[in-house]
Amino acid sequence: MADSVDQVFIRAKECLLAPLAGHAPGWLIQVASSLINIGALLGVFLTLFALMSVLERKILGRMQNRYGPNRVGPFGLFQPVADGIKMLIKEDIVPARADKVVHFLAPILIAATAILSLGVIPYGRNMTPFVIDGGILFFFAVGSTTELAVFMAGWGSNNKFSMLGAMRAIAQMISYELPLLVTVLPVVMIVGSLNPDQIVAAQTKMWFVLTPWGAVAFILFFVSGLVESNRTPFDVPEGESEIVAGHMTEYSGFKYATFFMAEYIGMFAVSGLAITLFLGGWHAPISILEFIPSYIWFFLKLSSLLFVYIWLRGTLPRTRVDQIMNFAWKFMLPMAFTCIIAAAVWHYAGRGLAGWLWSLAVIAVVYVMLSILLETKKKFAPRTYRFAE
Amino acid sequence: MSTVAFTIIAILTLAAALAAATLQKLMHAALSFAVMFLGISAFFFLLGAEFVGLVQIFVYIGAVAVLIVFTILLTRHDAEKVRGFNWSGVVVALAVFGGLTWAMENTKSLLIDPPQIEPLTVHRIGELLMTGYVWPLLCVGVLLTAALIGALILVLEEKRE
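Those protein sequence lines, which keep their order, are chains A and B. Taking this note's numbering, the leading residue of the first sequence gets 1, the next gets one more, and so forth. Taking this note's numbering, the leading residue of the second sequence gets 1001, the next gets one more, and so forth.
Worth flagging that the hints you see were computed from the coordinates, not collected in a lab. Glycine residues also receive a C-beta, built at the ideal position from the N, C-alpha and C atoms. Among the clues, some could well be false.
Here are a few chain A residues that face chain B, going by a calculated C-beta distance under 7 Å [as the list claims (entries may be wrong)]: (1) Ala82; (2) Pro129; (3) Phe130; (4) Val131; (5) Asp133; (6) Ser144; (7) Thr145; (8) Glu147; (9) Leu148; (10) Leu194.
With the Cβ distance kept under 10 Å, some of the chain A side facing chain B (calculated, not the full set) [what the hints assert, rightly or not]: (11) Cys15; (12) Ala141; (13) Ile174.
Work out the full structure: start from the sequences and follow the hints.
What follows is the structure, encoded as C-alpha cells:
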C-alpha cells in the first residue's frame, strides 16, 4: 500500500506512455517521456512559485506586525492570479537606446538556466526528471551561465543603474561560486560519485548534515546559495535604495515577472540541491517514518528551507558590498577547504565516533584561528573611508 | 540521427563563430563567442564525452566568456567603435585552413578506422586521474593554488601608515 502511494506518479507516467509502447519508434517514446517530465516539473514549480510569492508576503507581514495581502480571495490566496494578470497586461517598455536583441534575450536565458537546473534533482524514489551521471556538475555548469544572462540584462539596458547592478551581481556570484563548489566536494569525495541519486542513496542510514564537516558545509552552502539567488541579506545587486532595481531597472511587465520567477526558481533549485547533498534527499529522518511517501518528505524539507529564506529576509538588514566580498574570501573559502580536510579525517578515522570527534576538532581549530587572524572584534567598529571624507 | 544532429550543431557553431568574427559591436562578438562555446560542448555531448562537455560549458561560458566581457568593459572605451572589415585576416584564415586540410589529407595514420572505446564516464576519468596521472594533476593543482594566492596578494590593501 505504502509502496504504491510512493510510486503513484511513476505509475501515472507509465499509463500515459502505455498507448505509445510497441508501435512507436524508440526516440518518440523518449521525447514523450521527457515532455511529461518537463510538464510535471513546470507545473509543480510554477505553482510553488505562485504560492511562495503570496506566502512570503504573508509571513513577512506577520513578522513586521501587519496583515499581508488579504483582499483577493480567501486569505488573499488569489493574489498571485491578480499579480499575473497585472504583469501580463502591463506595457512592455524597451528603452530607445537599449540593445534590443540582448535586452530581449536576457530574461529568456536567465529563466531557461534556472529551470534547467531543476532537472537533475531527485524529488522522490525513482523521481529524477533527467538522469545524468554528472548531475551535480550539470547543475553548476548550467548555473554558471546565469552570470552571462545577468550581464546581458545590465549591458543591454544601456542604463548606468542596470550596469552597476549587473557588475555587483557578477562580482558576488563569481566570489560565492567558489565556496559553493568547494562545499560540495566533501560530499562527492565521501560518496565517490557526482550522481545525485547515488548521493541520496548513500544517506539512507545517516544524513551528512549530522557529521561535523557536513553541518559546516551545509551552512556554508546555504549562505552561498542565498548569495547566488540574490536574496536578502545579500541583495546588493538590486538594492532598491541605491540603484533602483539593479539589472532589472529597465524591464517592465512580463519580462520583469520572468526575472522574478527565475530568482525564485533558482532559490528552489539551490534548496533542492542542499537537501540532496546534506539533508538526505527524499529519505525520512528515521526508518519508521518511511511509510510516508518520499516526495512528501522532499517537499517538507524544501518548504522548511524556504521558510528560513523568508525568515532571514524578515530579520536581517542588507550587507555592504565590501562586507560580502571580505566574508567570501577571508572566511567562507578557508572554512570550505577545512570541510574537505575534516571529511577526509572523518573517513580515515573509520566514520565512527572517533572520526566524528577528530573532524570536529579540525574544524574548531581552524575556526578559532580564523577568528583570531581576522580580528573580528575590531571589524565591528564604524567604517573608515579611504577616498571620501 | 547523429549525422543530422552533427550537421545542425556544426552549422550553428560555424554561424556563431562567423558572427563573432564579423559583428560590428565588440560586445555582440563576445556574446556570439559564448554561443560558439555552447556548440562545441554540444559536440562533446554528441561524442558521448559528457564530463568534458559539462566542463566546457562550466569553464568557457561560466568563466572565459564572462572574463572576456569584463575585459571589454574595464579596458578602453572605444568598444562601441565600428570596426572596419579586415581583409588580411581572411587571407590568413584561408591559408591556415588550407594548410590544415593539406596536413590532414597527407597524414597516413588518420586513414585507419577508429577503435571502439567504452564511454568516458566521470568515474573512469576520476580513476585515471587518481592513478596514472596523479603527478600531472598535483602539479596543475599546485600551479592553480599559486595563481589563486598570487591574485589575492595583488588585490590586498596596502598597509596604511
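Against the structure, the hints:
1. Evaluation of the A/Ala82 hint against chain B yields a violated restraint, the C-beta minimum of about 37 Å exceeding 7 Å.
2. Against a cut-off of 7 Å between C-beta atoms, the interface hint on A/Pro129 is violated, since the closest Cβ of chain B lies about 17 Å away.
3. With a least beta-carbon distance of about 12 Å to chain B, the hint placing A/Phe130 at the interface is violated under the 7 Å criterion.
4. Taking 7 Å as the C-beta contact cut-off toward chain B, the hint placing A/Val131 at the interface is violated, the least distance being around 12 Å.
5. Among the interface hints, the one on A/Asp133 holds; its C-beta lies about 5 Å from the nearest C-beta in chain B, closer than the 7 Å criterion.
6. With a least beta-carbon distance of about 3 Å to chain B, the hint placing A/Ser144 at the interface is held under the 7 Å criterion.
7. About 5 Å separates the beta-carbon of A/Thr145 from the nearest beta-carbon of chain B, less than 7 Å, and the hint is met.
8. Using the Cβ-Cβ criterion of 7 Å, the hint placing A/Glu147 at the interface with chain B is satisfied: the shortest such distance is roughly 5 Å.
9. With 7 Å as the threshold, the beta carbon of A/Leu148 comes within range of chain B, its nearest partner Cβ sitting at about 6 Å, so the hint holds.
10. A distance limit of 7 Å between C-beta atoms decides the matter here; for A/Leu194 the minimum to chain B is near 5 Å, and the interface restraint holds.
11. Hint status for A/Cys15 relative to chain B: violated, with the closest Cβ pair at about 28 Å, above 10 Å.
12. Taking 10 Å as the C-beta contact cut-off toward chain B, the hint placing A/Ala141 at the interface holds, the least distance being around 4 Å.
13. At about 7 Å, the closest approach between the beta carbon of A/Ile174 and any beta carbon in chain B falls short of 10 Å, and the interface hint on this residue holds.
Of the hints listed earlier, those the structure fails to meet are numbers 1, 2, 3, 4 and 11, in rising order.
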